[in-house]
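Novice: So you can see what is in the structure, the chains are spelled out below.
2 protein chains.
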Amino acid sequence: MNKNLDNYNAALRWRYATKSFDPSKKIPQDVLDGLLECLRLTASSFGLQLWKFLIISNPEIRANLLAPSYSQSQVVDASHLIVFCRPKSFDPTMIETFVNQTASTRNQSVESLAPFKEYMDKATQNPSFPTEKWMDNQLYIALGNLLSACALAGVDSCPMEGFSKPKYDEVLGLENDNLTAVVACPIGYRLESDKYASLAKVRYPLEKVVSFLK
Amino acid sequence: MNKNLDNYNAALRWRYATKSFDPSKKIPQDVLDGLLECLRLTASSFGLQLWKFLIISNPEIRANLLAPSYSQSQVVDASHLIVFCRPKSFDPTMIETFVNQTASTRNQSVESLAPFKEYMDKATQNPSFPTEKWMDNQLYIALGNLLSACALAGVDSCPMEGFSKPKYDEVLGLENDNLTAVVACPIGYRLESDKYASLAKVRYPLEKVVSFLK
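First to last, the sequence lines map onto chains B and P.
Each residue of the first sequence is one higher than the last, beginning at 0 in numbering that gives the first Met the number 0.
Each residue of the second sequence is one higher than the last, beginning at 0 in numbering that gives the first Met the number 0.
Below are the DMTMM-like pairs computed for lysine to aspartate or glutamate, each with C-alpha atoms no more than 25 angstroms apart in a straight line:
| # | chain 1 | residue 1 | chain 2 | residue 2 |
| --- | --- | --- | --- | --- |
| 1 | B | Lys213 | P | Asp176 |
| 2 | P | Lys116 | P | Glu131 |
| 3 | P | Lys164 | P | Asp176 |
| 4 | B | Lys164 | P | Glu206 |
| 5 | B | Lys207 | P | Asp168 |
| 6 | B | Lys2 | P | Asp29 |
| 7 | P | Lys164 | B | Asp135 |
| 8 | P | Lys213 | B | Glu174 |
| 9 | B | Lys164 | B | Asp176 |
| 10 | P | Lys213 | B | Asp76 |
| 11 | B | Lys207 | P | Asp90 |
| 12 | B | Lys164 | B | Glu174 |
| 13 | P | Lys87 | B | Glu206 |
| 14 | P | Lys18 | B | Glu95 |
| 15 | B | Lys25 | B | Asp193 |
| 16 | P | Lys121 | B | Glu160 |
| 17 | B | Lys132 | P | Glu174 |
Pairwise CB distance ranges, derived in the manner of DEER restraints:
| # | chain 1 | residue 1 | chain 2 | residue 2 | range |
| --- | --- | --- | --- | --- | --- |
| 18 | B | Phe128 | P | Glu191 | 29 to 37 angstroms |
| 19 | B | Lys207 | P | Gln124 | 23 to 31 angstroms |
| 20 | P | Glu131 | B | Lys207 | 16 to 24 angstroms |
| 21 | P | Pro204 | B | Lys194 | 35 to 43 angstroms |
| 22 | P | Ser197 | B | Phe128 | 28 to 36 angstroms |
| 23 | P | Asp120 | B | Phe128 | 33 to 41 angstroms |
| 24 | B | Gln28 | P | Glu131 | 36 to 44 angstroms |
| 25 | P | Ser56 | B | Ser23 | 44 to 52 angstroms |
| 26 | P | Glu191 | B | Lys194 | 50 to 58 angstroms |
| 27 | P | Thr130 | B | Lys166 | 16 to 24 angstroms |
| 28 | B | Lys207 | P | Ser56 | 18 to 26 angstroms |
| 29 | B | Glu206 | P | Ser163 | 24 to 32 angstroms |
| 30 | P | Glu117 | B | Asn106 | 56 to 64 angstroms |
These are computed hints drawn from the structure, not numbers from a lab.
All values derive from a computational prediction rather than experimental measurement.
Quick reminder that beta carbons are idealized off the backbone N, C-alpha and C, glycines included.
Sequences and hints are given; from them, build the entire structure.
Specialist: This is the structure we're talking about:
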């Protein structure tokens with residue numbers, strides 16, 4: 000068995016959706032930096048990175064998010080609250096911006112990337128293209144990535160879909176920046192008293208979730 | 000900086016959306032087992048695990064998926080093709096099955112889990128609950144997890160959203176099992192000649208994708 004995978008699987012077994020965070024424990028800056036670098040490196044459709052990650056430590060803002068989070072205390076107690084946002088509406092200039100970034104990163108001319116740009120333009124302008132869902136999907140890849148990164152770093156996390164997105168957008172003033180909240184994840188360190196920490200992880204046996212077509 | 004995170008970030012930098020797989024290189028069984036264990040451990044909403052991962056090595060089936068994949072050769076050339084599926088339609092008995100699994104894993108009575116069951120029933124029966132999108136979201140967490148696991152194991156991958164889902168469902172006979180394909184990911188080993196392998200990774204600087212609310 001691959002040693003990295005062993006280590007990774009042990010981390011995934013260690014993690015759980017943390018219900019009670021220790022409000023006194025903060026994630027050290029170097030660890031936070033490492034987690035954000037993971038987020039930045041997340042894969043996305045066409046590589047477009049149509050996202051903004053809000054890293055919220057401000058106690059007042061978090062207090063204002065408590066009611067829209069249906070009083071889930073992780074929002075205020077965790078070391079940091081990460082809110083995964085995407086553009087509220089997609090705009091073809093976002094492709095242009097990305098093509099420019101690609102050209103400068105790879106020391107290529109923008110012109111040489113014209114076929115790539117056209118390909119992305121065509122795909123996203125197709126009337127049946129599910130633009131908003133497609134942007135949301137990418138944020139869930141980032142969430143999966145963050146959960147893994149946290150587990151490897153010994154940082155607790157709690158993915159959260161259950162919150163009022165319109166109210167998050169309002170409290171965070173996202174509309175002005177053409178952003179909207181999709182999913183959230185408080186991160187930090189569990190309270191030793193969190194009874195959920197010691198419960199056995201519930202997963203179906205492999206036979207139920209995997210089928211081999213050989 | 001956390002050593003595990005350093006190692007993880009190096010793996011994320013190594014990975015790229017592999018265009019050309021070496022058809023002669025197969026993932027060893029122990030590594031494949033490790034990757035599937037990662038998938039099995041993926042976090043999901045309420046822990047419900049509403050998914051089925053198809054691990055396809057059969058060459059004929061894969062040849063039949065080539066056209067529905069718009070001729071992306073990774074589908075036939077990679078060591079394995081993973082197709083991420085979810086129930087075509089959600090059924091409240093899936094909550095019951097999960098509650099039974101929880102009871103047996105944790106050595107609890109099913110009755111003691113009644114409030115948890117009721118909570119899940121209520122949430123999923125809300126007329127505004129986006130059942131299909133919600134199930135899809137979880138598969139993208141699994142995809143994010145798989146991409147990371149592969150990178151750590153030195154296995155190449157190529158997340159694929161661009162395929163005909165109805166045709167995948169048809170070729171794979173998914174309807175009979177109340178399943179539908181959501182996203183796919185060929186995994187294996189890159190061809191040394193894949194020119195995409197050596198291109199610089201294009202990511203926006205941290206300032207563009209992260210905002211701190213302190």
